[in-house]
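Colleague: Sequence:
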Amino acid sequence: MKQFDKVLVVANPISGLGKAGRWLDWVVRNLRRSAKRVEVMRTGQAGDGHAAASELRTGANLIVSFGGDGTFNEVLNGADLELCTLAVIPAGAGNVLGFELGMSTYPQKAVRQILEGREERFDLAICNGRRFVSMFGAGLDARAVELAHEKRRGFMTHMHYALPILRGTIECAGYGIKVRLDGRPLGSGLGQVVVGNTHSYGGRIELTPAASPQDGLLDVMCVKAEFARMFGGFPHTMFRTVHNWRGITYARGRRVEIQATASEVPFELDGEAAGHLPAVVEILPRAVRLRAPRTFCPIQRCPPVQEP
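Position in the sequence shown counted from 1, then plus 534, gives you my numbering.
Please keep in mind that the hints were generated in silico from the structure rather than gathered at the bench. Careful, some of the hints might be misleading.
Once the Cα atoms are required to be at most 20 Å apart in a straight line, the calculated PhoX-like pairs of lysine-lysine come out as [stated by the list, open to error]: (1) Lys758 to Lys712; (2) Lys570 to Lys536; (3) Lys540 to Lys570; (4) Lys536 to Lys643.
Between beta-carbon pairs, the in silico distance windows are [to be verified]: (5) Asp539 to Gly723: 51 to 61 Å; (6) Leu615 to Gln642: 24 to 34 Å; (7) Arg646 to Leu615: 20 to 30 Å; (8) Ala821 to Gly781: 32 to 42 Å; (9) Arg718 to Asn662: 13 to 23 Å; (10) Gly723 to Asp559: 28 to 38 Å.
From the three backbone atoms N, C-alpha and C, an ideal C-beta is built for every residue, glycine too.
Model the full structure from these sequences, guided by the hints.
Modeller: Given below as C-alpha cells:
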C-alpha cells in the first residue's frame with residue numbers, strides 16, 4: 535500500500551444527492567491509513583476545488599476528488615501534475631472518469647481501490663488552455679449543459695437535462711460548426727462535435743467508443759446538423775450503435791480545431807460549460823498520474839468508422 539506525506543480530499547457535499555457529504559468523514563478516516571496528514575476542502579462554489587488543489591505543492595501528494603466530473607476537472611486544473619497524483623471517488627451524475635477507471639460508486643469500495651491500487655498515466659487534453667481528461671462537446675450537448683446549469687439549484691441528475699436537450703436540438707441547425715483534424719478538413723455544417731479522450735461520455739453512454747486515454751490520440755465524432763436534430767432525441771442506450779449511420783463522421787488525431795459560422799456556439803469540458811467557439815483541442819500523452827484499481831485495463835477498440 536503506497537504511503538503519502540499528505541492527502542487532500544476535495545469534496546462537493548451535494549454531489550450524488552448528498553452522498554459525498556454523508557460519506558466524507560468515513561472516507562477521511564480510512565484514508566488516514568496511508569497518509570501522514572489528511573486535509574479536507576468542502577467546496578461551496580465554483581473555483582473552490584481549483585484553489586485547494588493549487589495550494590498543494592510539496593511532498594508525495596495525493597489529491598482525492600470526491601464528487602462529480604466537474605469537481606475533478608477543477609482539481610485537475612489546479613494541481614501541479616509534476617508533484618501530485620490524482621484520484622477520484624465518483625459521486626456525480628455522469629462519473630465519466632470513474633467509469634473509465636473502473637472505480638466503484640460505493641465510497642467504501644472506492645477507497646479500497648485507491649489505497650490498494652496502482653498508478654496509471656493518462657493522456658491530458660488541453661482546450662484553449664484548460665485541461666480535461668474525458669471529453670469536449672460543442673453544439674447540441676454543450677447548449678443543453680449551458681441551459682441546465684443556468685437553472686441549477688443544488689445537485690444535478692440526468693433528468694435536469696431532458697428539456698435543455700430538446701431545446702438544443704432546435705437551435706443546433708443554425709450552428710454551422712466546422713472541424714479540422716491535424717490540419718485537414720473533417721466536417722462542416724455540423725450541429726454536434728464530440729472530442730473524446732475516454733470512451734465513456736456519461737456513465738455507459740459512449741459517443742467515442744474507440745477512445746483510449748493512453749494512446750496519445752483524440753477521437754472525434756462529428757454529426758451533421760440535420761441529423762443532430764434527430765440524434766438529440768435518441769435514447770442514450772442507442773448511442774453506441776449510430777456511428778455507422780449517414781450524417782456521422784468518426785476519426786482520430788492529435789489536434790482538433792473547431793469553429794462555427796454562428797456566434798456564441800457553446801462548448802463544454804467534462805460536462806461543465808466552458809465557453810464559446812472557436813476552440814482548439816490538443817493532447818499531451820501520459821501527462822496525468824491517476825490512482826486506478828489493480829484490475830484496471832484500458833479498453834481497446836477499433837474505430838467504428840474509418841477516417842475519411
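Colleague: Run every hint past the structure and note whether it holds.
Modeller: Hint check results:
With a CA separation close to 10 Å, the supplied pair lysine 758 and lysine 712 stays within the 20 Å bound. This hinted pair checks out: lysine 570 and lysine 536 have alpha carbons roughly 12 Å apart, not beyond 20 Å. In summary, the hint linking lysine 540 to lysine 570 is supported, as the alpha carbons are separated by about 6 Å, within the 20 Å threshold. Between lysine 536 and lysine 643 the alpha-carbon distance is near 17 Å, which keeps this suggested pair within the 20 Å criterion.
The hint said 51 to 61 Å for the Cβ distance between aspartate 539 and glycine 723, and at roughly 54 Å that hint holds. Evaluation of the 24 to 34 Å hint for leucine 615 and glutamine 642 yields a pass: the beta carbon distance comes to about 28 Å. For arginine 646 and leucine 615, the hinted distance range of 20 to 30 Å is satisfied, since their beta carbons lie about 25 Å from each other. A C-beta distance of roughly 34 Å is found between alanine 821 and glycine 781, which places it inside the suggested range of 32 to 42 Å.
For the pair arginine 718 and asparagine 662, the beta carbons lie near 21 Å from each other, so the given range of 13 to 23 Å is met. Distance hint check: the CB atoms of glycine 723 and aspartate 559 are about 53 Å apart, inconsistent with the given range 28 to 38 Å.
The structure is inconsistent with hint 10 alone, although it conforms to all the rest.
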